[in-house]
Amino acid sequence: MTASIATNQTILVVGGGIAGMTAALEAAECGKQVILVEKSPTLGGRTSMLYRYFPKMCFPTCGLEINLRRLRGNPNVRVMSMTEVAAVTGSRGDYNVTLKVQPRFINENCTACGDCGKAVSAEVPNVANYGLDKIKAAYLPHGMAYPQRYVIDPSIVGTPDGEAAKAACKFDAVDLGMQEETIEIKAGSVVWATGWRPYDANKIQPYGYDRYANVITSLEFERLCDPQGPTGGKVLRPSDGKEAKNIAFIQCAGSRDENHLRHCSRICCMATLKQTQYVREAAGEDAKSTVYYIDIRVIDRLEDFYQNVQKDPNVSFVKSKVARIALNEENNSPILHGVDTEGYHRYATEHDLVVLAVGMEPEVVGVQLPEDIVLDSSNFIEGSKSGGMFGAGSAASPLDVNRAVQSATAAAMRSVQVIHKTASTEAA
Amino acid sequence: MNAPANKFAAYICSGCGLGDVLKVAGLEKVAKTEGKMAVIKTHPFLCNAEGVKMIQDDIANDGVTHLCIAACSRRAKTEAFSFPTVAVARANLREGVTWIVAEGADHDEVRQEMAEDYIRMACAEVKKLILPAGNKKESSSKKILVVGGGMSGMTAAQAAADAGYEVVLVEKTGALGGFANQMWKRMPFNAPHAEAQPTGAVELAAQVSANPKIKVYLNSTVAETAGAPGRFAIKIAQESGSISEELCGAIVQASGFSTYDIAKLPELGGGQQNVVDQAGLEALAKAANGGPIKRADGKEVSSVVFVQCAGQRDDSGTHLPYCSGHCCGTSIKQAMYFKDQNPDIDTVVMYDDLRVPGMGEDFYRSAQTKGVIFTKGKASKVTGGDSCNVTFKDLILNEENTIPADLVVLATGQVPNAGVELDEWNATATAADSGDAAAIEKKTALQKISVLNMNYRQGPDLPQLKYGFADSHFICFPYETRRTGIYAAGPMRRPMDMHQATEDAVGATMKAIQAAENASLGRAAHPRAWDLSFPKARLEGCTQCKRCTVECPFGAIDEDEKRFPLFNEERCRRCGTCMGACPVRVISFENYSCDSVGMQVKAVNVPDEEDEKPRILILACENDAYPALDMAGMQRLTYSAFVRVIPVRCLGSVNTVWITDALGAGYDGVMMMGCQKGDNYQCHFVKGSEMAYYRLSKIGDTLKGMGLEPERMQTYEIAITDAARVAKLINEYVEQLNEMGPSPMKGFG
Numbered sequence: 001m002t003a004s005i006a007t008n009q010t011i012l013v014v015g016g017g018i019a020g021m022t023a024a025l026e027a028a029e030c031g032k033q034v035i036l037v038e039k040s041p042t043l044g045g046r047t048s049m050l051y052r053y054f055p056k057m058c059f060p061t062c063g064l065e066i067n068l069r070r071l072r073g074n075p076n077v078r079v080m081s082m083t084e085v086a087a088v089t090g091s092r093g094d095y096n097v098t099l100k101v102q103p104r105f106i107n108e109n110c111t112a113c114g115d116c117g118k119a120v121s122a123e124v125p126n127v128a129n130y131g132l133d134k135i136k137a138a139y140l141p142h143g144m145a146y147p148q149r150y151v152i153d154p155s156i157v158g159t160p161d162g163e164a165a166k167a168a169c170k171f172d173a174v175d176l177g178m179q180e181e182t183i184e185i186k187a188g189s190v191v192w193a194t195g196w197r198p199y200d201a202n203k204i205q206p207y208g209y210d211r212y213a214n215v216i217t218s219l220e221f222e223r224l225c226d227p228q229g230p231t232g233g234k235v236l237r238p239s240d241g242k243e244a245k246n247i248a249f250i251q252c253a254g255s256r257d258e259n260h261l262r263h264c265s266r267i268c269c270m271a272t273l274k275q276t277q278y279v280r281e282a283a284g285e286d287a288k289s290t291v292y293y294i295d296i297r298v299i300d301r302l303e304d305f306y307q308n309v310q311k312d313p314n315v316s317f318v319k320s321k322v323a324r325i326a327l328n329e330e331n332n333s334p335i336l337h338g339v340d341t342e343g344y345h346r347y348a349t350e351h352d353l354v355v356l357a358v359g360m361e362p363e364v365v366g367v368q369l370p371e372d373i374v375l376d377s378s379n380f381i382e383g384s385k386s387g388g389m390f391g392a393g394s395a396a397s398p399l400d401v402n403r404a405v406q407s408a409t410a411a412a413m414r415s416v417q418v419i420h421k422t423a424s425t426e427a428a
Numbered sequence: 001m002n003a004p005a006n007k008f009a010a011y012i013c014s015g016c017g018l019g020d021v022l023k024v025a026g027l028e029k030v031a032k033t034e035g036k037m038a039v040i041k042t043h044p045f046l047c048n049a050e051g052v053k054m055i056q057d058d059i060a061n062d063g064v065t066h067l068c069i070a071a072c073s074r075r076a077k078t079e080a081f082s083f084p085t086v087a088v089a090r091a092n093l094r095e096g097v098t099w100i101v102a103e104g105a106d107h108d109e110v111r112q113e114m115a116e117d118y119i120r121m122a123c124a125e126v127k128k129l130i131l132p133a134g135n136k137k138e139s140s141s142k143k144i145l146v147v148g149g150g151m152s153g154m155t156a157a158q159a160a161a162d163a164g165y166e167v168v169l170v171e172k173t174g175a176l177g178g179f180a181n182q183m184w185k186r187m188p189f190n191a192p193h194a195e196a197q198p199t200g201a202v203e204l205a206a207q208v209s210a211n212p213k214i215k216v217y218l219n220s221t222v223a224e225t226a227g228a229p230g231r232f233a234i235k236i237a238q239e240s241g242s243i244s245e246e247l248c249g250a251i252v253q254a255s256g257f258s259t260y261d262i263a264k265l266p267e268l269g270g271g272q273q274n275v276v277d278q279a280g281l282e283a284l285a286k287a288a289n290g291g292p293i294k295r296a297d298g299k300e301v302s303s304v305v306f307v308q309c310a311g312q313r314d315d316s317g318t319h320l321p322y323c324s325g326h327c328c329g330t331s332i333k334q335a336m337y338f339k340d341q342n343p344d345i346d347t348v349v350m351y352d353d354l355r356v357p358g359m360g361e362d363f364y365r366s367a368q369t370k371g372v373i374f375t376k377g378k379a380s381k382v383t384g385g386d387s388c389n390v391t392f393k394d395l396i397l398n399e400e401n402t403i404p405a406d407l408v409v410l411a412t413g414q415v416p417n418a419g420v421e422l423d424e425w426n427a428t429a430t431a432a433d434s435g436d437a438a439a440i441e442k443k444t445a446l447q448k449i450s451v452l453n454m455n456y457r458q459g460p461d462l463p464q465l466k467y468g469f470a471d472s473h474f475i476c477f478p479y480e481t482r483r484t485g486i487y488a489a490g491p492m493r494r495p496m497d498m499h500q501a502t503e504d505a506v507g508a509t510m511k512a513i514q515a516a517e518n519a520s521l522g523r524a525a526h527p528r529a530w531d532l533s534f535p536k537a538r539l540e541g542c543t544q545c546k547r548c549t550v551e552c553p554f555g556a557i558d559e560d561e562k563r564f565p566l567f568n569e570e571r572c573r574r575c576g577t578c579m580g581a582c583p584v585r586v587i588s589f590e591n592y593s594c595d596s597v598g599m600q601v602k603a604v605n606v607p608d609e610e611d612e613k614p615r616i617l618i619l620a621c622e623n624d625a626y627p628a629l630d631m632a633g634m635q636r637l638t639y640s641a642f643v644r645v646i647p648v649r650c651l652g653s654v655n656t657v658w659i660t661d662a663l664g665a666g667y668d669g670v671m672m673m674g675c676q677k678g679d680n681y682q683c684h685f686v687k688g689s690e691m692a693y694y695r696l697s698k699i700g701d702t703l704k705g706m707g708l709e710p711e712r713m714q715t716y717e718i719a720i721t722d723a724a725r726v727a728k729l730i731n732e733y734v735e736q737l738n739e740m741g742p743s744p745m746k747g748f749g
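Residue numbers (this note's numbering), protein chains in the order written: chain C, 1 to 428; chain S, 1 to 749.
Looking at chain C on its own, in the form it has when it is part of the complex (with noise of 0.2 Å):
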C-alpha cells in the first residue's frame, strides 16, 4: 500500500465490502492503480459477519484471509477507511471526487496491542455483532480487522476515559485531537461496491418484530449461531435466555412484496437452508426447524443443498406466507397463524424462536451516488449515464457471496476499459 496520488487513470473503488475488495484487487492485479474506500474502521462488509457460507458451510474469514494477504502484497492498492465519498463531479475518464474521512483517533503507529482497550471502562454496541452485544469503547472491529489498528468511538473524547486510553498506549498513537478530513481525488472511474442493507424487520408489522422479543432477523441469527457472537455460539432465546428448540424461519420477510420490496433478494432461501443446519448444529436431534415459504428458490448445484435439507426429518417446509404472529403471553413464545396453501389448512403454530428471513436492500446511510448512477426499480445500481461508473455486488442486485465476486470481478474489467481509454485518448 503506498501513497499514490491518484490520476485520472486510477480506479476508486468504493465499499470494503467482499465486492469491493475483489473489484480492487482484480484491477490492481492486472497492474491499474486503485483507491478502495471504507466507511466503516474496517474492510470485510457484511460477510465478515456471517457465521459459515452455503453450501459448503465452510467460513467468509477464510476468504477474506486470502484477499487481505493479496492486498497486503499489492502496492497498487491504497485502502481508505472511516471515508466516504461527498461528491463525485465530472465525467468518464475524469471525475473529481470529494472524500470525508472520519477521525479513528488512533494513528498508524497503533500495533493493536490492545492497552487502551483495557484502560477504557465505557463501553458500545458491538456493530460486528449487529448491537447484540457491547464492547469497548477502544476497540479492534473484529479478530481479522483491516486495517490492523484500533478504534475510539467519538463517544469517549473528552471524558476521562478518552485521556485514559491515551495514557494506556505506549506509543503516542491516541491522537483525540484528530478532527474529519476532506480530500478531493482524481479518479477515470468509479466501482460503486456499497453492499446492500438488510430490510427494516419493524416495517413489517403483522410479525411484531419491534413488540416481541423472540422474533429476530436472519442476520442477528447468524451472530447467535457464531461462536464468536454474542451468546458464543448457543441459539437463547433474547426473552429469557434459554436455549430455543422449535425454530421458525419466516421467508420472503419483506421480499417479493409490493408493499415492502418488490424483487426477490434471492439469498434468503440458501441462507435459510443453511441456517436449519446450525441449529442442528447447536440442538442435535432435539432441533426442530419450520420453514415457511413461497417458493424455494436455489438455483443450480444449490438444488443438491436443497433435497439434502429435505431429508432431514427434523426440518419441515410449509408452502405459506405467514398472515401475522402473536404472542403465548405466558411462555413469549410467538404463534404463526396463516394457511398452508398445499391443500389449505388453517393453522396456529407456536415456535420457541422465529427468524425473519429478511430481505436486501442497497445500503443507503453514507452512501451518496452521484446524479449520473442509473438505479432500477428497487434502487440497486444498473451503470451510469456517462458509462464511467459501475454497481458491483449486491448494490447492483441482491446477489450472495459468489455471484457478488462474480459481479464484481466483472466491474473491474469495465472500470480497466475505461481507464484504458482515457490513457489511450490521452496519448494520442
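FYI, nobody ran anything at the bench for these hints, they're computed from the structure.
Each hint should be verified, as a subset may be incorrect.
[To be verified] Below are the SDA-like pairs computed for lysine to any residue, each with C-alpha atoms no more than 25 Å apart in a straight line:
{"#": "1", "chain 1": "C", "residue 1": "Lys118", "chain 2": "S", "residue 2": "Gln635"}
{"#": "2", "chain 1": "C", "residue 1": "Lys319", "chain 2": "S", "residue 2": "Leu354"}
{"#": "3", "chain 1": "S", "residue 1": "Lys393", "chain 2": "C", "residue 2": "Tyr344"}
{"#": "4", "chain 1": "C", "residue 1": "Lys311", "chain 2": "S", "residue 2": "Lys142"}
{"#": "5", "chain 1": "S", "residue 1": "Lys677", "chain 2": "C", "residue 2": "Arg301"}
{"#": "6", "chain 1": "C", "residue 1": "Lys56", "chain 2": "S", "residue 2": "Glu480"}
{"#": "7", "chain 1": "S", "residue 1": "Lys142", "chain 2": "C", "residue 2": "His420"}
{"#": "8", "chain 1": "S", "residue 1": "Lys466", "chain 2": "S", "residue 2": "Gly522"}
{"#": "9", "chain 1": "S", "residue 1": "Lys602", "chain 2": "S", "residue 2": "Val110"}
{"#": "10", "chain 1": "C", "residue 1": "Lys311", "chain 2": "S", "residue 2": "Asp679"}
{"#": "11", "chain 1": "C", "residue 1": "Lys319", "chain 2": "S", "residue 2": "Asp314"}
{"#": "12", "chain 1": "C", "residue 1": "Lys170", "chain 2": "S", "residue 2": "Asp20"}
{"#": "13", "chain 1": "C", "residue 1": "Lys166", "chain 2": "S", "residue 2": "Pro44"}
{"#": "14", "chain 1": "S", "residue 1": "Lys213", "chain 2": "C", "residue 2": "His420"}
{"#": "15", "chain 1": "C", "residue 1": "Lys319", "chain 2": "S", "residue 2": "Lys393"}
{"#": "16", "chain 1": "S", "residue 1": "Lys698", "chain 2": "S", "residue 2": "His499"}
{"#": "17", "chain 1": "S", "residue 1": "Lys53", "chain 2": "C", "residue 2": "Asn109"}
{"#": "18", "chain 1": "S", "residue 1": "Lys142", "chain 2": "C", "residue 2": "Gly31"}
{"#": "19", "chain 1": "C", "residue 1": "Lys245", "chain 2": "C", "residue 2": "Arg301"}
{"#": "20", "chain 1": "C", "residue 1": "Lys311", "chain 2": "S", "residue 2": "Glu424"}
{"#": "21", "chain 1": "C", "residue 1": "Lys56", "chain 2": "S", "residue 2": "Tyr681"}
{"#": "22", "chain 1": "C", "residue 1": "Lys385", "chain 2": "S", "residue 2": "Glu195"}
{"#": "23", "chain 1": "S", "residue 1": "Lys448", "chain 2": "S", "residue 2": "Asn219"}
{"#": "24", "chain 1": "S", "residue 1": "Lys137", "chain 2": "C", "residue 2": "Asn74"}
{"#": "25", "chain 1": "S", "residue 1": "Lys185", "chain 2": "C", "residue 2": "Lys56"}
{"#": "26", "chain 1": "S", "residue 1": "Lys728", "chain 2": "C", "residue 2": "Pro227"}
{"#": "27", "chain 1": "S", "residue 1": "Lys376", "chain 2": "C", "residue 2": "Phe305"}
{"#": "28", "chain 1": "S", "residue 1": "Lys466", "chain 2": "C", "residue 2": "Lys288"}
{"#": "29", "chain 1": "S", "residue 1": "Lys376", "chain 2": "C", "residue 2": "Asn328"}
{"#": "30", "chain 1": "C", "residue 1": "Lys319", "chain 2": "S", "residue 2": "Lys213"}
{"#": "31", "chain 1": "S", "residue 1": "Lys378", "chain 2": "C", "residue 2": "Gln307"}
Chain S: place on chain C using the hints.
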C-alpha cells in the same frame, strides 16, 4: 558481475510488552552466537517510522541482504516490514509467544526458551532464502483466445478488445451468435423488467466481426492447446483442413451448452407431436416473426402449457439433478410471446417452485398482468398429438387433474459443453496405451468432444466440478479453475441465463487479461499473485517417480522426452505440492524449500529427557491454521509453550523428511494442521491437504521402524475460526505426550 556478499541482520522489537516479559539480551545472544547474524539491533518500537528507517538505512548503507525480524506475527505490520529488495524472515514473538504463554514468573523460563527458539528458527530460515528475481518475459503474448462464439464468447472478445487486447475468437459453426441465433427474444436485462427484448446477437456479431483487434475463425475448432499462460501455442483446425497457429497469453472458454434431449422424457411426451422444448418454441416464435405462433402442422396455437423442471431437479438419478436457473424466466418470456400477440390465448405455466430471483420478480408480475396463469403442480404424464393433454397433480388443491392444450412446452435443462471429464479420459487413455481396442476407439471419440485438446499430462480439458460444469469450488473465487490462465464463462461454468452469461464473460475476461499480464512479469496467478518465485528441480537427482507430475493440483508439470518432469512455471501457483511430493527432495523454491523449513526444524533446541520439557513441531497451513493460532494469541488464550510452529504454504507442500527429521532429532510429537478435505474441501490449493493426509497415512511404518509410536504424528483439520479449538487441541496433545513419556529418540539426534 559478482553478486554482493550476503549480509544477515536480526532486528528485535521490545515493544508491545515483549521487552517486559522476555530477556532481550538473551535473544540478542542467540541471534549472535547461534544465529550468526552480522548485525543485531533491538528497538523499542520497531514498526514505527524510526524503527523502519533504521532497517532501511542498514539495507541502503550497510549492505544488509537478509533480515530476521523478531517482533509480531508475519500477518501483522506487514506493510511496515515490507522490504522488497531483501529476503525477510519473521520470528513471531508476540502472537506466537508472549500472548499465548501463561502469565507469571512460573512461565518465564519456558517463555524465554520459546522466544529464543523462534529466533534460532528465523535465523536458520533466512539463511536459506533467496530473494526471487522473477522471470520477466519480453516475448510473452497478451493476446486472448476466446473459444466459442455465442453470447458469452462474443461478449468476452469485445470486452478484451475494449481494454486494448488482441483477441482470437474460435467458433465451430459457420456463424457467430450461438444459441442466441435460435432465439426470438431474450429476457430483459434492465428495468423495468417487464417485456421480452431483442437478443442483440446479430448486432454484437457484426460489431465483433468488424473489430480490428478481434480475429474470428469460423467453422474452426481448437486442435491443440500447448504451453502455458503468456505462451499458449494454439493450433486451430479449419473446415478446409488447414491448421492455423496462434500464440496467446490466456484463454476464455465459452463453449456453451446443449439442451437436454427431450427424447429422454417419453413420459412427458418427449418425441411426440406438438410437444416441444423451449428451444423448439423459440424456433416457432422466430418463424411466426411476431404473428400468430403456429405448430409444426400449421395450426395456430390457442392454448399452451409450459411444464417446468422437465427432466431437471430429478433425484431418481435418471435425469438432470440440478436446476438450470433460467427456465422459469424463459417460460414466462415465452408465455408472453403468445399473450403479446393475442391476449386470448390460454397460457399456463406449471411449476413446483417458481424461480425468478432478483428483478425477475418484476418480469413475473408483468406476466401475471398479461394474464399468464401459474399453476403449482407436478406433471406426471403428457400426451402429444392434435390435442395434447397434461396430467398433473395440483399441489394447491391436492388433486389429480388434466388440462388439454394445442402445444406443450417442456422446460428442459442446460447440459454443459465443457469438454471431456478427466477421470474418464485418464482411465481411457491408460487402457488405450496398453493396446485395448475398445479404449482406443473411445479415446478417439473423447478427443472429438474435447474443447481445448490440451497436451497437458493431466488431460485435455478443464477439470469439471460437478454434473459436467467447469465451475470453481470456491465461494469467494468463482473464476478459479485448476488450469492457470484458462477461465470458464457462461453456461459451461454453471447453468445461467443470457444476462448472467454476458456478465460472466466480462468477469472471465478480467481474469484472462490479468493472467496474461502476470505471466509476462513472471508472477504467479491467484492466490499468490505477488510471488515471483517458481519451482526449480535438480534433475540430476530425480528418480522419475512422477509423483510431482501426478500430484500437481494445477497440471503445471509435464514430462519431457526423457521422462523427467518439465515444469511450466507460468502454470504454477507456488503451492509447493510438488516439493512435498518429491521423495528425493530435488524440488525447491527460492523463497521456500526443503532446506528453508528443514533448517528451522533442526534449529530448535530439543531438551534432554530429564528436563521434562517435550518439544512438539506444528506445521500449520498459513491461510487457516496459522491465523487461527494468531487469533488465539489476540484473544489471549493460552497454549503450551512446548510447541514450535512453522507456517507452511499448504499442507501439500510438507515433505515427510521434515517430520522424520524432527522425530529423529528427539521431538516428542508433530502436529499437522491443514484445511478440511473431502467433498467440501477448503484447501485453496485444491488437493494440498488431501495429498498431505494421503502421504502421512503411509508414514506410520517409517515411525515404527524408528521405534516410535504412531501417535507421535497427528493430523488435524483446522478452520480459520478455530482459535479456541486450536489452543485446546495443543494442550490436549501435550497432555497425551506427557502420558506417553518422552520420545525414545532423545539424545540420538
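Need the status of pair Lys466 (chain S), Gly522 (chain S): alpha-carbon distance at most 25 Å? Distance ~32 Å between Lys466 (chain S) and Gly522 (chain S) Cα, so the pair is violated.
Hey, Lys677 (chain S) versus Arg301 (chain C), does the alpha-carbon distance stay inside 25 Å? Holds, at about 20 Å.
Going straight from one Cα to the other, do Lys602 (chain S) and Val110 (chain S) come out at no more than 25 Å? The given pair, whose Cα atoms are some 19 Å apart, holds under the 25 Å limit.
25 Å Cα cutoff - pair Lys56 (chain C), Tyr681 (chain S): 8 Å, holds
Does the alpha-carbon distance linking Lys118 (chain C) and Gln635 (chain S) stay inside the 25 Å limit? It holds: about 13 Å lies between the C-alpha atoms, which stays within 25 Å.
Lys311 (chain C) and Glu424 (chain S) were given as a pair; does the straight-line alpha-carbon distance stay at or below 25 Å? 31 Å, violated
Does Lys245 (chain C) pair with Arg301 (chain C) here, judged by a C-alpha cut-off of 25 Å? 29 Å, violated
Pair hint outcome, Lys170 (chain C) versus Asp20 (chain S) [Cα-Cα no greater than 25 Å]: 13 Å, holds
Mind checking the alpha carbons of Lys393 (chain S) and Tyr344 (chain C) for me, to see if they're no more than 25 Å apart? 15 Å, holds
Regarding the pair Lys378 (chain S) and Gln307 (chain C), is the alpha-carbon distance no greater than 25 Å? 17 Å, holds
For the pair supplied as a hint, Lys166 (chain C) and Pro44 (chain S), is the alpha-carbon distance within the 25 Å limit? Since the Cα atoms of Lys166 (chain C) and Pro44 (chain S) sit roughly 18 Å apart, the hinted pair holds (cutoff 25 Å).
Proposed proximity, Asn109 (chain C) with Lys53 (chain S) (alpha carbon, max 25 Å): The given pair, whose Cα atoms are some 14 Å apart, holds under the 25 Å limit.
This entry does not satisfy hints 4, 8, 16, 19, 20, 25, 28, 29, 30, going by the numbered hints stated previously.
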